[in-house]
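Q: One-letter residues, chain by chain:
Protein chains: 2
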Amino acid sequence: MKGPVKTILVVDDEPDAIELVEFNLRAAGYRVIAAEDGEEAIRKAREGLPDLIVLDVMLPEVDGMAACRTLKNDPITSDIPVIMLTAKAAEIDRIVGLELGADDYVTKPFSPRELVLRIKNLLSRQDTKAAPLPAKIVVGKLTIDSDRHLVLVSGEPVELTATEFKLLSVLASRRGRVQNREQLLRDVWDYDNYIDTRTVDTHMRRLRRKLGAAADYLGTVRGVGYRFAESSN
Amino acid sequence: MKGPVKTILVVDDEPDAIELVEFNLRAAGYRVIAAEDGEEAIRKAREGLPDLIVLDVMLPEVDGMAACRTLKNDPITSDIPVIMLTAKAAEIDRIVGLELGADDYVTKPFSPRELVLRIKNLLSRQDTKAAPLPAKIVVGKLTIDSDRHLVLVSGEPVELTATEFKLLSVLASRRGRVQNREQLLRDVWDYDNYIDTRTVDTHMRRLRRKLGAAADYLGTVRGVGYRFAESSN
DNA sequence: AGTCGGCGTTACGCAAATGTAACCTAGGCG
DNA sequence: CGCCTAGGTTACATTTGCGTAACGCCGACT
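Top to bottom, those sequences are chains A and B. Heads up, the first sequence is in this note's numbering, so the first residue is 10 and it goes up one at a time. Heads up, the second sequence is in this note's numbering, so the first residue is 10 and it goes up one at a time.
I should point out that these hints are in silico values taken from the structure, not numbers from a laboratory.
No copy is singled out in the list; a pair is fine if it fits within one copy or between any two copies.
Computed list of lysine-lysine pairs in DSSO-like fashion (alpha-carbon distance at most 27 Å, straight line):
#1 Lys15 to Lys117
#2 Lys175 to Lys15
#3 Lys145 to Lys15
#4 Lys150 to Lys53
#5 Lys81 to Lys129
#6 Lys145 to Lys129
#7 Lys175 to Lys53
#8 Lys53 to Lys129
#9 Lys175 to Lys150
#10 Lys129 to Lys117
#11 Lys145 to Lys53
#12 Lys150 to Lys15
#13 Lys150 to Lys219
#14 Lys145 to Lys81
#15 Lys81 to Lys150
Turn these sequences into a full structure, and let the hints guide you.
A: See below:
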């Protein structure tokens, strides 16, 4: 399933840099719009509502950091992921400290490949974050009803704890897509970052045991994460 | 405000009929999935969870009426409005008499325009179903009469305070669905936000004690909230 | 003023749920 | 064939959530 074409707003004051990035993003299948200073960037972000913004730190007029802060404070644009381009790695710490709300950082010079990867990463995260968990999910002999907080396997109710239920719901709602442990910790444990990733394994184990016959749906993708699939093996 | 695209499941064994309906519904902005017999219809309804079902009365295998009854008896699909297609107007009375639970009837041949109008009508009704508290709720040995502010357990009146009564009513009116403490505070205590969520627990305790034998209906879903259910344990 | 019932809060203890660590198993690679 | 790593499995200490009871405030009624 292929989503609609994503639009990226690229902001840099050097035409050469713009051209390079633009060329590579187009090649990767994105639509690109460009801006050359912070003011233009904010205007185009508000008007074009791009799916992601690549923003150079150093800009004439309104500089990149100020632009980032403005974008993130404006409810219209605050959900758009921002990748900041910095000249020196050392700058990143300082920028992060300012809590501008940028979502990722890339140091110049960067390989176009790396930038595209980071963009993909951020966009996919955005996709999965947006969709709220559906109220009911029915797959084969498994039924998940969020309203009633009820799980049925072949019609028989199964008792799950709150965490187990949420884990199952998140996996099932992303049917077929592999979720790595970090994603699961983020989505099930709500940004509670100080939890060991192996904890996910333990809960998967508990889930599988309780689901019995329906445990087949919970597949492991070695080295990557877990996935909800109809035919797992 | 434009909601998400609605999905309609169309069930008919004549490909021509499906095609006609499908074309017109698509034109009206709906997503359409199709099924050709009752069994397929039930399966696709459970898995696809469409927002509405258009169901022909005459079908091979499991016929339309049986399918309708099955759909309406299954908690997963029972909320989905069903429009039945019948060949003769005279049939409608008979079908209504069977109390299948269908929400509307359209006789063949029908104008696509008419069908679309009825669909819109049913869907909008679905959206605005903000369910006010019903006047009377009777579940097993428990009777709640809002008008008289009266609760009976196995025919015996039970004295409840105003808060207890409202809490019980709200829970009972959402039978089966789990309500978290915030929801209960909102609906029972009317937006009085400065109340500790643990207060809900205390009132649940008082309610349970007063209800005695009927306290079984009040289930706890650990980590989530409370639920009114017929079989709690 | 004094009493009383209803309500929100707080304290406490038990049991379920949870996170972690340790050990075991199996798949992938040389 | 044996190592190595990722994940399965198990056990356990800790944490959390809730039932329960007791307290104190407040308004109504006497």
